[in-house]
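**Student:** Listed here are the chains, written in short residue letters.
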Amino acid sequence: AQSVTQLGSHVSVSEGALVLLRCNYSSSVPPYLFWYVQYPNQGLQLLLKYTTGATLVKGINGFEAEFKKSETSFHLTKPSAHMSDAAEYFCAVTLSYTGTASKLTFGTGTRLQVTL
Amino acid sequence: DAGVIQSPRHEVTEMGQEVTLRCKPISGHNSLFWYRQTMMRGLELLIYFNNNVPIDDSGMPEDRFSAKMPNASFSTLKIQPSEPRDSAVYFCASSPGLAYTQYFGPGTRLTVL
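Sequence order for the protein chains is H and B. Those letters in the first sequence? Residues 1 to 116, per our numbering, in order. Those letters in the second sequence? Residues 1 to 113, per our numbering, in order.
Simulated from the structure, these hints should not be mistaken for lab results. One thing to keep in mind: the hints can contain errors.
[Unchecked claim] Just a few of them, taken from the derived set where beta-carbon distance is under 8 Å, the chain B residues facing chain H:
| no. | residue |
| --- | --- |
| 1 | Phe65 |
| 2 | Ser66 |
| 3 | Pro106 |
[Said to hold, decoys possible] Listing some non-contacts, in silico: residues in chain B with all C-beta distances to chain H over 10 Å:
| no. | residue |
| --- | --- |
| 4 | Ala2 |
| 5 | Val4 |
| 6 | Pro8 |
| 7 | Glu11 |
| 8 | Thr20 |
| 9 | Lys24 |
| 10 | Asp56 |
| 11 | Pro61 |
[Unchecked claim] To give an idea of the interface, some chain H residues facing chain B are shown, with a C-beta separation under 10 Å as derived from the structure:
| no. | residue |
| --- | --- |
| 12 | Ser28 |
| 13 | Tyr32 |
| 14 | Leu44 |
| 15 | Phe63 |
| 16 | Pro79 |
| 17 | His82 |
| 18 | Ala86 |
| 19 | Phe90 |
| 20 | Ala92 |
| 21 | Thr105 |
| 22 | Phe106 |
| 23 | Gly107 |
| 24 | Thr108 |
Because the structure is a prediction, the values reported are computed rather than measured. Every residue, glycine too, gets a C-beta built ideally from N, C-alpha and C.
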């Protein structure tokens with residue numbers, strides 16, 4: 001079974017500051033990892049994903065995340081926050097495809113607030 | 001591509017009434033997922049289908065909930081009878097495969113009075 005833990009349900013940063021949203025996962029086999037963003041009154045939108053290969057993954061809107069197997073982490077970062085980044089962010093994990101059914105398991109979400 | 005389409009976008013109904021939520025997945029996607037989102041419980045997977053076949057419905061809260069996927073381009077989630085605690089935003093998502101990126105629809109906001 002797989003699980004995801006997002007540390008901090010609310011994070012507040014100043015505009016222009018570094019954004020760091022934490023995600024740790026638990027998985028019995030190599031995982032696929034995702035970050036989704038949800039803006040108010042909208043569905044979830046994929047920011048980035050890690051499947052195999054390069055452990056530093058770049059996504060949309062200047063976000064990136066690094067898969068660290070030794071730390072079982074997949075933290076999301078952005079060097080400089082913008083007001084438009086204010087949203088809820090979800091980390092998710094699924095087992096790498098093994099030929100059997102596998103589902104995406106989401107974390108509880110982190111609400112990012114960006115202040116002037 | 002139009003993306004995942006859900007209807008209605010908003011539904012207000014009275015307790016005891018039947019509610020049907022609809023979803024059209026992205027063409028060519030063979031996996032479909034129904035989620036429920038509330039402040040208290042966050043994002044919950046209710047059921048998912050692969051090639052129109054239900055794979056896991058363990059997240060369906062009780063027998064009042066049912067879901068069908070009669071063909072590759074349409075799915076429904078039905079609640080009968082509805083209760084106030086069913087009030088939530090219901091999302092449909094589709095994917096080219098079970099372990100791949102899921103694409104979410106805009107959601108249906110359900111309010112049961």
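**Student:** Would you mind marking each hint as holding or not holding in the structure?
**Tutor:** Hint check:
1. Restraint check, Phe65 (chain B) versus chain H: the minimum CB separation of about 17 Å is more than 8 Å; hint violated.
2. Among the interface hints, the one on Ser66 (chain B) is violated; its C-beta lies about 19 Å from the nearest C-beta in chain H, farther than the 8 Å criterion.
3. Because the closest C-beta pair between Pro106 (chain B) and chain H is about 5 Å apart, less than 8 Å, the hint holds.
4. Look at Ala2 (chain B): its CB is around 13 Å from the nearest CB on chain H, clear of 10 Å, so calling it non-interface holds up.
5. The non-interface label for Val4 (chain B) is inconsistent with chain H: the shortest C-beta to C-beta separation is roughly 8 Å, within 10 Å.
6. The claim that Pro8 (chain B) lies off the interface holds: its Cβ sits roughly 14 Å from the closest Cβ of chain H, which is beyond the 10 Å cut-off.
7. With a closest Cβ-Cβ approach of about 15 Å to chain H, Glu11 (chain B) is found to remain outside the 10 Å limit, as its non-interface label requires.
8. Every CB of chain H is more than 10 Å from the CB of Thr20 (chain B) (nearest about 19 Å), matching its label as outside the interface.
9. Consistency note on Lys24 (chain B): stated as away from chain H, and its beta-carbon is indeed over 10 Å from all of that chain's, at 14 Å minimum.
10. Against the 10 Å criterion, Asp56 (chain B) falls within the reach of chain H, whose nearest CB is about 6 Å from its own CB.
11. For Pro61 (chain B), the non-interface assignment is confirmed: its Cβ lies about 17 Å from the closest Cβ of chain H, beyond the 10 Å cut-off.
12. Annotation: Ser28 (chain H) was flagged as interfacial toward chain B, and the flag is violated, the nearest CB pair being 14 Å apart, outside 10 Å.
13. Using the Cβ-Cβ criterion of 10 Å, the hint placing Tyr32 (chain H) at the interface with chain B is satisfied: the shortest such distance is roughly 6 Å.
14. Checking Leu44 (chain H) against chain B: minimum C-beta separation of about 4 Å stays under 10 Å; hint holds.
15. A least Cβ separation of about 15 Å between Phe63 (chain H) and chain B goes past the 10 Å threshold, and the interface hint is therefore violated.
16. Here the hint on Pro79 (chain H) is broken, as its CB sits about 25 Å from the closest CB of chain B, past 10 Å.
17. With a cut of 10 Å, the hint placing His82 (chain H) at the interface with chain B is violated, because the nearest CB-to-CB distance is about 23 Å.
18. Among the interface hints, the one on Ala86 (chain H) is violated; its C-beta lies about 18 Å from the nearest C-beta in chain B, farther than the 10 Å criterion.
19. Hint status for Phe90 (chain H): holds, given a least beta-carbon distance of 7 Å to chain B, under 10 Å.
20. Residue-level restraint check for Ala92 (chain H) holds (minimum Cβ-Cβ distance to chain B is 8 Å; threshold 10 Å).
21. The beta carbon of Thr105 (chain H) is positioned within 10 Å of a beta carbon in chain B (closest approach about 8 Å), and the interface hint is therefore held.
22. Interface hint status for Phe106 (chain H): upheld, as the beta-carbon distance to the closest one in chain B is roughly 5 Å, under 10 Å.
23. Proximity of Gly107 (chain H) to chain B holds as hinted, the smallest CB-CB distance being about 8 Å (cut-off 10 Å).
24. Given the 10 Å rule on beta carbons, the hint for Thr108 (chain H) holds: about 5 Å separates it from the nearest Cβ of chain B.
Of the numbered hints listed earlier, those contradicted by the structure are 1, 2, 5, 10, 12, 15, 16, 17, 18.
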